[in-house]
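Colleague: Sequence:
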Amino acid sequence: MTAQRRLAAILVCDVVGYSRLMERDERGTLERLKTYRKDLLEPLVSEHQGRIVKLTGDGILCEFASVVNAVTSAIAIQQALAEHEAETPEEERIRFRIGVNLGDVVCEEDGDLYGDGVNIAARLESIADPGTVVVSGTAYD
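Numbers 5 to 145, taken from my numbering, label the letters of the sequence shown in order.
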């Protein structure tokens with residue numbers, strides 16, 4: 005089987021200030037991130053019919069067949085995280101930036117995704133303010 009090209013809604017999520025959080029409290033930060041992945045990210049992505057493509061040290065790449073589901077999932081993730089972190093002191097608070105794009109991707113045999121669809125979602129994530137979701141024009145349309 006060879007790589008396949010397809011249209012997909014891509015969600016890229018990253019932890020704001022990850023290095024600073026790790027320097028401040030490595031063990032606590034890792035435990036909280038692991039809990040949030042298990043209790044928030046994975047269920048909310050699944051609930052919105054998405055799949056987690058891969059986890060990075062401080063981020064996640066997800067694919068959805070529907071851009072509406074990707075955006076709805078992103079909003080739900082941000083709301084859930086804000087609720088869980090509300091009592092955490094500001095300097096210790098975990099916040100995500102999320103980018104969502106609808107675009108062409110290449111799916112490898114192992115399920116990993118590449119291409120402009122992914123790259124644009126990652127760029128959007130990088131310009132998002134903490135706690136927000138940035139959506140591409142193609143996803144918005």
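No wet-lab data here; the hints were simulated from the structure. Watch out, some of these pointers could steer you wrong.
Taking lysine to any residue and the SDA-like style, the derived pairs with C-alpha atoms no more than 20 Å apart in a straight line are [unchecked claim]:
id, residue 1, residue 2
1, Lys38, His88
2, Lys58, His88
3, Lys42, Leu59
4, Lys42, Gly63
5, Lys38, Val72
6, Lys58, Asn123
7, Lys58, Glu112
8, Lys42, Glu112
9, Lys58, Pro47
Colleague: Now, for every hint given, state plainly whether the structure supports it.
Modeller: Results for each hint:
For the proposed pair lysine 38 and histidine 88, the alpha carbon gap of about 14 Å is at most 20 Å, so the pair holds. Simply put, lysine 58 and histidine 88 have alpha-carbon atoms about 23 Å apart, too far for the 20 Å limit, and the pair is violated. Straight-line distance between C-alpha atoms of lysine 42 and leucine 59 comes to about 12 Å, which keeps the hinted pair within the 20 Å bound. Proposed proximity of lysine 42 and glycine 63 is supported: the alpha carbons are some 13 Å apart, at most 20 Å.
Between lysine 38 and valine 72, the direct Cα distance comes to roughly 27 Å. Violation of the 20 Å bound is thereby established for this hinted pair. A distance of roughly 14 Å separates the Cα atoms of lysine 58 and asparagine 123; the hinted pair therefore holds under the 20 Å criterion. This hinted pair checks out: lysine 58 and glutamate 112 have alpha carbons roughly 13 Å apart, not beyond 20 Å. Distance restraint check for lysine 42 and glutamate 112: the Cα-Cα separation of roughly 25 Å exceeds the 20 Å cut-off, and the hinted pair is therefore not satisfied.
About 15 Å separates the Cα atoms of lysine 58 and proline 47, which keeps this hinted pair within 20 Å; it holds.
The structure fails to meet hints 2, 5, 8 from the earlier list, while all remaining hints are met.
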